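Chains as they are written, first to last, in this note's numbering: chain A, 1 to 290; chain B, 1001 to 1259; chain C, 2001 to 2259; chain D, 3001 to 3270; chain E, 4001 to 4265.
Hints should not be assumed to be uniformly reliable.
[What the hints assert, rightly or not] Derived PhoX-like pairs: lysine-lysine, alpha-carbon spacing no greater than 20 Å straight-line:
1) C/2092 - B/1092
2) A/141 - A/127
3) B/1072 - E/4181
4) C/2092 - D/3268
5) A/139 - A/217
6) D/3267 - E/4019
7) B/1165 - B/1189
8) A/206 - D/3054
9) D/3017 - E/4259
10) C/2237 - B/1182
11) E/4017 - C/2120
12) D/3268 - E/4019
13) A/243 - A/253
14) B/1189 - B/1027
15) D/3046 - A/128
16) B/1092 - E/4168
17) A/253 - A/21
18) A/217 - A/206
19) A/206 - A/127
20) A/127 - A/217
21) E/4017 - D/3267
22) A/91 - A/286
23) B/1165 - B/1190
24) E/4181 - B/1070
[To be verified] Ranges of calculated distance between the beta carbons of each label pair, as one might list FRET restraints:
25) B/1062 - C/2112: 57 to 65 Å
26) B/1011 - D/3065: 44 to 52 Å
27) D/3023 - B/1211: 48 to 56 Å
28) A/141 - D/3043: 18 to 26 Å
29) D/3186 - E/4108: 43 to 51 Å
30) B/1121 - C/2223: 37 to 45 Å
31) E/4028 - B/1020: 43 to 51 Å
32) E/4108 - B/1053: 13 to 21 Å
33) D/3030 - C/2060: 52 to 60 Å
34) E/4032 - C/2072: 49 to 57 Å
35) C/2013 - E/4181: 33 to 41 Å
36) D/3030 - A/171: 35 to 43 Å
37) C/2112 - B/1236: 46 to 54 Å
[Claimed, not checked] Non-contacting residues of chain C with respect to chain B, defined by C-beta distances greater than 10 Å in every case (computed):
38) 2080
39) 2196
40) 2205
None of these hints come from the bench; they were simulated from the model. Bear in mind the structure is a predicted one, so any value in this text is a computation, not a measurement. All residues carry an ideal CB built from backbone N, CA and C; glycine is no exception.
Each chain is listed here by its residues.
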Amino acid sequence: GSDDSSAEGSGSDSKNNEDLKELRVQFVPSQNAETLEAKAEPLEGLLKEELGIPVDVSVSTNYNTIVEAMASDQVDVGFLPPTAYALAHDKGAADVILQSQRYGVNPEDGSPTDELVDFYLAQFVVKKDSDIESLEDLKGKSIAVQDVTSSAGYVWPAGALDDAGLDIQSDLTPTIVKGHDAGIVSVLNGDTDAAVTFQDARNVVKGDYPSVFEDTKVIATTEKIPNDTIAVTPDMSDEWKEKITDAFINIGKDPEGLEIIREVYSHEGYVESEDSNFDIVRDYQKFAEQ
Amino acid sequence: MIEFRNVSKTYPNGVKGLKNINLTIEKGEFIVIVGLSGAGKSTLLRSINRLHEISEGEIMIDNASITAAKGKNLRMIRRDIGMIFQSFNLVKRSSVLRNVLSGRVAYHSTLRTIFGLFPKQDVNLALNALDRVNIADKAYTRSDQLSGGQQQRVSIARALAQEAKIILADEPVASLDPLTTKQVMDDLKKINQELGITTVVNLHFIDIARQYATRIIGLNAGEVVFDGPVEEATDEKFREIYGQQLEEEQKRGIGAGAE
Amino acid sequence: MIEFRNVSKTYPNGVKGLKNINLTIEKGEFIVIVGLSGAGKSTLLRSINRLHEISEGEIMIDNASITAAKGKNLRMIRRDIGMIFQSFNLVKRSSVLRNVLSGRVAYHSTLRTIFGLFPKQDVNLALNALDRVNIADKAYTRSDQLSGGQQQRVSIARALAQEAKIILADEPVASLDPLTTKQVMDDLKKINQELGITTVVNLHFIDIARQYATRIIGLNAGEVVFDGPVEEATDEKFREIYGQQLEEEQKRGIGAGAE
Amino acid sequence: MSQLSTQTVAKPTGRGKRMFNRVLILVILAAIYIWAFAGVETFEIKETAGQISKAILNGIIQPDWDFVPGAEGLIYGLIDTLAISILGTFISAVLTIPFGFWAATRRDKSGFFVTGIGRFVLSFIRVFPEVVLAIIFIKAVGPGSFAGVLALGLHSIGMLGKLFAEEVEAIDHGPKEALIATGANRLQVLVYSVLPQVLPGFISYTLYRFELNVRGASILGIIGAGGIGAPLIFALQSRNWPRVGVILLGIILLVSLIDLISGYFRKKIV
Amino acid sequence: MSQSQTPKKTVPRPPSKLKHYLTAAIILILLVLSYQRTGSSIMDLFNNRDQMGSLIVDMFPPDWAYFKDIIEPMLETIRMAVIGTTFGAIISIPVILLCANNVNRIPWISYPARFVLNLIRTIPELLLAAIFVAIFGLGMIPGIFALTIFSVGIIAKLTYESVEGIDKGPLEAMTAVGANKFQWIAFSIIPQAAAYFVSYVLYTFEVNIRAAAILGLVGAGGIGLYYDSNLGFFNYPRVNTLIIATLVVVLIIDFVSNKLREKLL
Ligand SMILES: Nc1ncnc2c1ncn2[C@@H]1O[C@H](COP(=O)(O)OP(=O)(O)OP(=O)(O)O)[C@@H](O)[C@H]1O
Ligand SMILES: Nc1ncnc2c1ncn2[C@@H]1O[C@H](COP(=O)(O)OP(=O)(O)OP(=O)(O)O)[C@@H](O)[C@H]1O
Ligand SMILES: [Mg+2]
Ligand SMILES: [Mg+2]
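Please build the complete structure, drawing on both the sequences and the hints.
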C-alpha cells in the first residue's frame, strides 16, 4: 500500500525530494511490445534493489492519468510515449531522463533485428493486391488511424503525409479505430483502403489471421519515433534524478535484470535522453491539434 | 360436485390451515362457510381451485382430481370456477372494464385476448355484470380510484362475467352496504337456482347465511365443526362454532376487557 | 370537538366526494356514519385528519383549524387522532408488532424510533392492544401471512395503541366474525365511554349502528341526508338514506334483474 | 341477463384526448425511427468473419491456465477487484439512500423544485465520465485501489440514485398514509412505512450495481488499481484470447456466485 | 388505557435476531477486509481534498465554440442508441419472462436462462467489438449489435427482478379464471410491470448514449472518441463542453421518461 507515503509525499508545497522515502512509478505497457502484461512486481523488485528505498509500481491503461498523477505529485516516475511526454512536459508535469531500447523491426516479416535502437517507426499498410503504391496514391482514399494523440497511429503518419503533400484530414478519409490491430483488421476486411500502425502491428493479428503478411503490404514508413520515455516530476532533486537514471541503466546492463525487463516489457535496456529529442513531436503536434 | 378427501394444508411457516377435511358438495348447493377469523375459511376456498397447493389428500371437481390436473386440463377446470377474492385482487392500474374482461380470457384464443380484442358480446356481458353490482358508470375508471365497496363489486362482476359452473366467494359483501349486499346475494342466489351453479360463500353474517344458504359448514382452527342444512344451524350451534373458541380464550384470560 | 365548515372535496378526476358538509361532533360522542358504498364515507373520515386535502371549507379539531395547520403542529393534531383503515394499510413485510408499534412513533424522538428503541412500556401497550383483538399470538408473524380478518385486527390494534383522543374507524369490522366484531365494538365503546374518546365509525350494519352509536349520520352522494340521535334513526329513515338512491337507480332501469 | 340500457354506462371519459395523445406519440416515435434507420449503412457480412471469430472463440475456449496463480495472476486480481467493488458499492449505496428519496417525486407536494434538483444532480453524476472521475481521485490519493474505490463509489451513485428514486415512487401509499395519520414526522414515515417496502428493491439494485462494479473493468484499468481490469484490457488489446478466456471464466464464476448469493438474499427479503 | 402491564396471555417469544446480527457481522468483516486490502485511507482523501478541485478549475470556462463540432457525432450516437436500445428491449421481453421465477416456475428453464443472461452481461465491450468488427466490418452495424446485446443485459436483469416483486393478488385472480400463460401475462404481469419496463428501457437508452465508448471501439464514431482525444490533449474546457452536451441530452431523455412513466404508473 502506498497510503503512508502518498499522504506525506503530496501537498502543495513543492519540495526537494532529498527525503524521497518511496518511489512511485507508473506505466502503460506500449502496444508495440511483444508481450503486453500488466505486471508491476518485477520492476518493483529490480528498482528496490538498486535504490534501496521502497518502490511502488502500478500499471494503468491510460496515459492521461499518469500525467495528471505526476502533475499533482502522486507519481514520481512515469513511462510515457513521445506525444504524451511532450504534452506533459509542456504542462510542467514531466522531465525526460531516459528512453527505452528495443530491437529494430525487420521490414520484411516484422521479426526483430539484432540492432538495438531507441526509436521505432510507423507504417502504412494496404492490401497486397491494392494499386496503392505510394503515399501520393492515398489521395481520396480511406485510412484507419488511431486516436489523434497516438504517435505511431496518427501523429507521425500525418507528418509523413504532409511531407508527401497530403493533408490527412482533407485529402484522405480517416476513420478512427481503437487499437493498431483493429487498423490491420479493417484493411483485411476492406473497410478502409489503408491503415497506419506501428511497425509491425500485423504480428498482433497473426494469430487470428495467419496469412496477414501475404495479404497485405507496407507502402511506406515514417520518420523515427522516439521510444517510450522514462520521465520524472520536474521538482525532483538532481541527485535523485541521477540515482534513478543510474538505476535503470544498471538494470539494463545486469544480465538478470535484462532478462526480466526483456521478458515482461520487451525492453532491452535504457539510454539517457533529453527533452530536445522531442522537438520533432512538437513540430508534428500541429497535425493533431485541430 | 366438489369432494375433499382427507385434505390437510400446512403453510410454509408451520401454521396448519386445514386439518383432515372430508366434504362432499353437490351440484347446485348454496353453501355458506362460517367460522372465526383465522379459522381457515379462505384456505379452504382457495384450495378448491388450487390457488393453494394442499399438503395432503385430494380434491375432486366433478369426479376429476384437480390435485392431479395439469396444463390445459387444469385451466379448463379453473375456467369453470369463478372466484371472488377477499382482497379483491384487482389490477389497480387497469380500468374497471379490463379487470372484468380478464374473467373472460379463458374462452378465447391467446392472440385475440392479449390484444384485447374481445367480441362485442363479451364486452356487453362485462358491462352487464358491472350493471348488476351498480357500477356500470365506473367502467372506464382506473380501479385504484374506486371506494372499497366499489372495488369489491368489480371483483364480483369479474366472477359473474366468467359464467362459471361453480362460484367461490370469499366474504363477497364485507365492504358493501345493506342494499348492495342484498342485491349481490340475491344475484348469487338467482344464478345458483336458475342455472344450478354450485356456490360456496364465506360469510360472517349469521342472518345472511341463514337466509341464503342451503347448507352451512362451520370451521374452527382448520377443522369442520359443523356441517348441516340451514335448519339445523340453530343459534345454539352457531354459538358452538364460535363459542368453543371463546371459552378457550376466556379460560386463558382474554376477552374479559370486552364485557 | 370536530367541526366541518362548508367542506367540499372534488377528486382530481372530477368525482365529487363531499358536497358542502357542515357538521359539529362534540367530545365524547360515538358517531356512526352510514351510506351506500361510494357515498363518501371514507372521504369524510379521511378529511378529518387531512389524509385528503379538502377542496373548499375548513375543518376544526378542538377549535384549531387542521386545514391550516402545518409541520409539527399538524403532526401533534394527528397524533391525537387514531385511524382504522378500510384497507388496513399495513406494511406487509413488517411484523405485526412493528406495525402496531408504528402507531406510537409520534410520542418519541426521531432517533429513538428509527432504531426501533421503544420503551418496554410501549411494547407492552402494543402487545395488550393485540391481545384485545385476540391476536397477541401472531405478534412476530409477518403481516402478509395473516388472514383478512387478522390483518384488520392488527390495524385496529395499531389505532388502540396510539392512545388518541379521537378515533376514526373506517369499517373496522367488515372482515370480522360476529364474535370478534362484538369484542371490537365493545372495546371502542368502552374507551369512548370511560375515557371520553370521540369516536367516528363508518359502518354498513344497521343493527350494530343502532346498538353502539349515540348519533347517526347518513351520507348519500357526498351530502349529509340524515343527522340525528340514534332514536330518530328509524327503519324508515334508513330506507331513506339508502333507498333514495335505489329509486333513482330503478328509474334508470337497473336492479330489475336483482329481484 | 337483461339487455343493457345504454345510458348507464359512462362514456369513457377523455377518450378522444387520450386517442389523440396516443396517435401523437406514435407519430413522433415513427419519425424518430425513420430518422435513426435512415443513417444506417447497408448490412454485409465480411468474408474474414468466419476465420477471425473462429480464432477468437478457439482461443477463448482454451484458457490460459498459467495465469490463474501468482501475485499478479487471476485469483489475486479477482480478490482485489472484489475488495474494491465491495467497498465502492457500499459507499455508493449508503450515499445514495438520501439521494433516492430526494429525487423521488412527492405526490402530496408540488415539490417539483426540490425533486427537480435531486434528479439534476443524479443526471449530472451519471454523465460525468468515469475517466475524469478517476483522474480527480488519482490527483488526490494517487493511483491505486483507494482511488478505484472512490471513483466507483461516486460513479455508482448516479445509477443507483435513479433506480432508488423510481422504487420509492412506486410504493403502496396505504401504509404511508397510516403513519402520517399517527402524526409521525417525515423521517419516521420513511423508516416505518417506506423503507420496509423499498428495501428489497434497494438491496437488489445494490447487488446489481455490485456485480456491475466487479465486471466493469475499464475504470479499474485506468486507475492503476490492481484488480483484473488492466490484465483484461491488455489481453484484449494484444488479442491474447486464451488469456481473455481465463479472465472471463474467472469473472463469470465470480458473477454467478454473486448472483446466487444475491438471489438467496432477495428471496429472504421479498 | 392503562394497560402498560405485561399482557396476561402468553405472547410468543420474539424470534431470534441471531441471523440479522450474523449478516451484519459478515458484512462488517467484508468491509474491514476490503478496506485493508485496498489500502484505503480516509485521511489521504481528507488531506488532499484541494487537489481534487484543481481539475474542476481547469475545466472552466467550457469551450462554447466547440459545441458546433460535436452536434454531428452526438446525433450519430443518439441514432445508434435508439436502434440498439429498441432491439435490446424487444429481445429482453422473452428473456424476462423466462427468468422471472413467478412467471416461469420451471427451475430448469429459469436457471439456465439467468445463466445465459449473466454470460451476456459479463462479455467485455472490447471483446464484443472485436467479434462484431470481424463479422460486420467497421461502422454503425457492429455498434448497433454491440449496443443491442449490452442493452439486453441491463433491461432483462432489472425488469425480471422487478417482475418478481409485483403484487401477487392479480396473478392469483388470473390463475383462478383459467387463463393460459400468455393471457395470464397479458392481464396481470404486463399492467403491473409495464411502467418498470419502460423506465428501464429509457434508462438503458441513456446509458447507451453515454456508453459511446463502445461505439468508438468499432469505428462507429460517436461522442466517445471526442472524449478520448480531448483528454489526451488535456483540453479540459472541451471535455467540459462534452459533458454539458451529454447532460443536455440526458436531461431531455429524463424528462421524456418521467412524462411517459407518469402516464403509465
Ligand atoms: N382516489 C380517488 N380518485 C377519484 N375518485 C375517488 C377516489 N377515491 C374515491 N373516489 C370516488 O369518490 C366517491 C366516494 O368514495 P368513498 O371512498 O368516500 O366511498 P365510501 O362511502 O367510503 O364507499 P365504500 O362503502 O364503498 O367504502 C366514490 O364514487 C369513489 O369512486
Ligand atoms: N400465506 C400464509 N402463510 C402462513 N400462514 C397463513 C397464510 N395465510 C393464512 N395463514 C394462516 O392460516 C390460518 C387460516 O387463515 P385463513 O386465511 O384461511 O383464515 P380465514 O378463516 O379466511 O380468516 P378471515 O375470516 O380472517 O379471513 C390463519 O391462522 C392465518 O394466520
Ligand atoms: Mg379469509
Ligand atoms: Mg369506504
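Hint-by-hint comparison with the structure:
no.: 1; hint: C/2092 - B/1092; result: holds (17 Å)
no.: 2; hint: A/141 - A/127; result: holds (13 Å)
no.: 3; hint: B/1072 - E/4181; result: holds (10 Å)
no.: 4; hint: C/2092 - D/3268; result: holds (14 Å)
no.: 5; hint: A/139 - A/217; result: holds (18 Å)
no.: 6; hint: D/3267 - E/4019; result: holds (15 Å)
no.: 7; hint: B/1165 - B/1189; result: holds (13 Å)
no.: 8; hint: A/206 - D/3054; result: holds (14 Å)
no.: 9; hint: D/3017 - E/4259; result: holds (16 Å)
no.: 10; hint: C/2237 - B/1182; result: holds (18 Å)
no.: 11; hint: E/4017 - C/2120; result: holds (18 Å)
no.: 12; hint: D/3268 - E/4019; result: holds (11 Å)
no.: 13; hint: A/243 - A/253; result: holds (15 Å)
no.: 14; hint: B/1189 - B/1027; result: holds (14 Å)
no.: 15; hint: D/3046 - A/128; result: holds (18 Å)
no.: 16; hint: B/1092 - E/4168; result: holds (12 Å)
no.: 17; hint: A/253 - A/21; result: violated (26 Å)
no.: 18; hint: A/217 - A/206; result: holds (14 Å)
no.: 19; hint: A/206 - A/127; result: holds (15 Å)
no.: 20; hint: A/127 - A/217; result: holds (6 Å)
no.: 21; hint: E/4017 - D/3267; result: holds (18 Å)
no.: 22; hint: A/91 - A/286; result: holds (17 Å)
no.: 23; hint: B/1165 - B/1190; result: holds (13 Å)
no.: 24; hint: E/4181 - B/1070; result: holds (13 Å)
no.: 25; hint: B/1062 - C/2112: 57 to 65 Å; result: holds (60 Å)
no.: 26; hint: B/1011 - D/3065: 44 to 52 Å; result: holds (50 Å)
no.: 27; hint: D/3023 - B/1211: 48 to 56 Å; result: holds (53 Å)
no.: 28; hint: A/141 - D/3043: 18 to 26 Å; result: holds (24 Å)
no.: 29; hint: D/3186 - E/4108: 43 to 51 Å; result: holds (47 Å)
no.: 30; hint: B/1121 - C/2223: 37 to 45 Å; result: holds (39 Å)
no.: 31; hint: E/4028 - B/1020: 43 to 51 Å; result: holds (49 Å)
no.: 32; hint: E/4108 - B/1053: 13 to 21 Å; result: holds (20 Å)
no.: 33; hint: D/3030 - C/2060: 52 to 60 Å; result: holds (57 Å)
no.: 34; hint: E/4032 - C/2072: 49 to 57 Å; result: violated (41 Å)
no.: 35; hint: C/2013 - E/4181: 33 to 41 Å; result: holds (34 Å)
no.: 36; hint: D/3030 - A/171: 35 to 43 Å; result: holds (40 Å)
no.: 37; hint: C/2112 - B/1236: 46 to 54 Å; result: holds (52 Å)
no.: 38; hint: 2080; result: holds (23 Å)
no.: 39; hint: 2196; result: holds (18 Å)
no.: 40; hint: 2205; result: violated (8 Å)
Going through the hint list in order, the structure does not satisfy hints 17, 34 and 40.
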